[in-house]
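A.B. asks: Okay, here's what each chain looks like letter by letter:
2 protein chains.
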Amino acid sequence: MHSSAHTPATDRYDHIVVVGVGLIGGSIAKALKAHGLARKITGLGRNRARLLAAKQAGLIDDVAESVSELAPFSLAVVCTPVDRIPQDVRALQSVASSDALITDAGSVKGHLCEVLNSQPTNGAQFIGSHPMAGSEQGGWEHADAQLFQGRMCAITPQGHDEAPIQKIERFWTALGMRTVRFQPQQHDQIVALTSHMPHATASAVASLLTPEAWPLAATGFRDTTRVAGGDAGLWTSILMENREAVAGHLKELTHVLQQFVAALEANDPQATEALLARGQIAREKWIQSTLSPEA
Amino acid sequence: MHSSAHTPATDRYDHIVVVGVGLIGGSIAKALKAHGLARKITGLGRNRARLLAAKQAGLIDDVAESVSELAPFSLAVVCTPVDRIPQDVRALQSVASSDALITDAGSVKGHLCEVLNSQPTNGAQFIGSHPMAGSEQGGWEHADAQLFQGRMCAITPQGHDEAPIQKIERFWTALGMRTVRFQPQQHDQIVALTSHMPHATASAVASLLTPEAWPLAATGFRDTTRVAGGDAGLWTSILMENREAVAGHLKELTHVLQQFVAALEANDPQATEALLARGQIAREKWIQSTLSPEA
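Protein chains in written order, with the numbering used here: chain A, 3 to 297; chain B, 3 to 297.
It is possible that part of the hints are untrue.
For chains that are exact copies, the list does not tell them apart, and a pair is met inside one copy or across any two.
The list that follows gives simulated cross-link-like pairs (lysine to aspartate or glutamate, EDC-like), each with its CA atoms no further than 16 angstroms apart [claimed, not checked]:
#	residue 1	residue 2
1	42	71
2	287	233
3	287	214
4	42	138
5	287	16
6	35	63
Read the hints as simulated data drawn from the structure, not as lab findings.
Based on the provided sequences and hints, a complete structural model is requested.
C.D. replies: Written as structure tokens, this is what we have:
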């Protein structure tokens, strides 16, 4: 693990390609515009009408439906669903100059980095990224130039030289992020715990809500299930891509929930309080860690 | 179920007693002050120093450590932990005039109402309330006069006359709440689903967090586990008081989580997406219901 300790210098780009102009891609484009970091941003996607609307809204300068339409670019950021990233990166590599860089915004990195980094490329290098920012509201209409501000971006750069890695790190820090390096498999195990398992759990909790209970669902229910409002299709790709780690953490969670059931059925306040205290303490330590200057 | 459709008239009180001046009791006192609804508010509690500090801070006008110190009052609101409410209500009834009213802010109502309403009282009547507002931060230092604004308060008034019920409803609506009437057992089943089971689940998710995962725990984890930051002792009382309903809903949840595990282990995106869609749709219907004017 290697954290960015200081704010590094900022690069300026002649031409950046954003593949997939949804919430994340749109927010990257908007943040690049806000910081004046790119002379030109091209949005590449399958829906020309949506891309033209994003151009009209000022997020991107140009649109393309295929890599063959792209002018030379120095950086491309692939923001498509995780199961589409490998093919999108390969398509970019087929047209990119060898000094271009390609990164992504995918939530799962193991399979992706294995597929894309297993053999050396003559063309543009791919360095995996996972900007930890998002919203349950999809689409570039919800794009926010501040979405990345103060958030963490995981980089999975194993096998690459320092110069391109640092270039990718500078890209994300220019958008306001802090960066941290991980091995792809380790990254996936961790986000299964911090994001994918909690997402499935929030969804499971939400699915039990019945209309008669609506009047008594309050802010606790709203926050506990917020992420369950996210796009089911997008999250299916993420959960499938990381399915072993997610299933493993869901089993651990189920085990803890069974301990709660046992404590309640035994009418055992000590056991119940011990379980609650474990959660409270684990969370509090994390919150404290985010408040420390080196976090 | 009987919802308050119109903003009713507001009563003014000569003397209100708040038993337990923590986050909820303190916020009630602060809201009463903000709206000028009580000539005098007495805080009753076990810690005189804390009460005097709350008086110093302007939340209450007078302090008492025992019901024997209380001047005549027209309304008392018991905001102590659920397992202490019955004895606190009985103590108040032992000194209250027969036209006084007593309510509470407890999260579980079945056992409480059974104990307190099973035999007629010559003295002050008790009508159960559950203001659905709170925070994971306890103590009157976090009291907020706006805490109740726009939130729902469940009333469990079975067996009482309309006049005192409506008086209790006017009390909460004066603090900005909407009210809804429930049978105590039905209330408990519902809040087990919307609040107590999600609380135990948030705690279980939080308890699995390890320090190596801290850098990649983001806003999704924060919100999903927010309620787990609540006081473990207080929540133990709540979960124990409603243990059968909570255990039942935790078992249902475990069943859904096992379906997630099965879908992931079978590498079945259709089954995974169907589970996620169930959660997304159930939550969306609820969110829509809160946006309708009659909600």
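A.B. asks: Look at each hint and say if it fits the structure.
C.D. replies: Taking the hints in turn, this is what the structure says about them:
1. 42 <-> 71: within (15 angstroms within a copy, 76 angstroms between copies)
2. 287 <-> 233: Cα proximity of residue 287 and residue 233: across copies only (15 angstroms, versus 31 angstroms in one copy).
3. 287 <-> 214: Between copies, since 12 angstroms is at most 16 angstroms while 37 angstroms is not.
4. 42 <-> 138: The answer is neither: 29 angstroms in one copy and 46 angstroms across copies each exceed 16 angstroms.
5. 287 <-> 16: neither (43 angstroms within a copy, 46 angstroms between copies)
6. 35 <-> 63: within (10 angstroms within a copy, 56 angstroms between copies)
In this structure, the hints that do not hold are numbers 4 and 5, in rising order.
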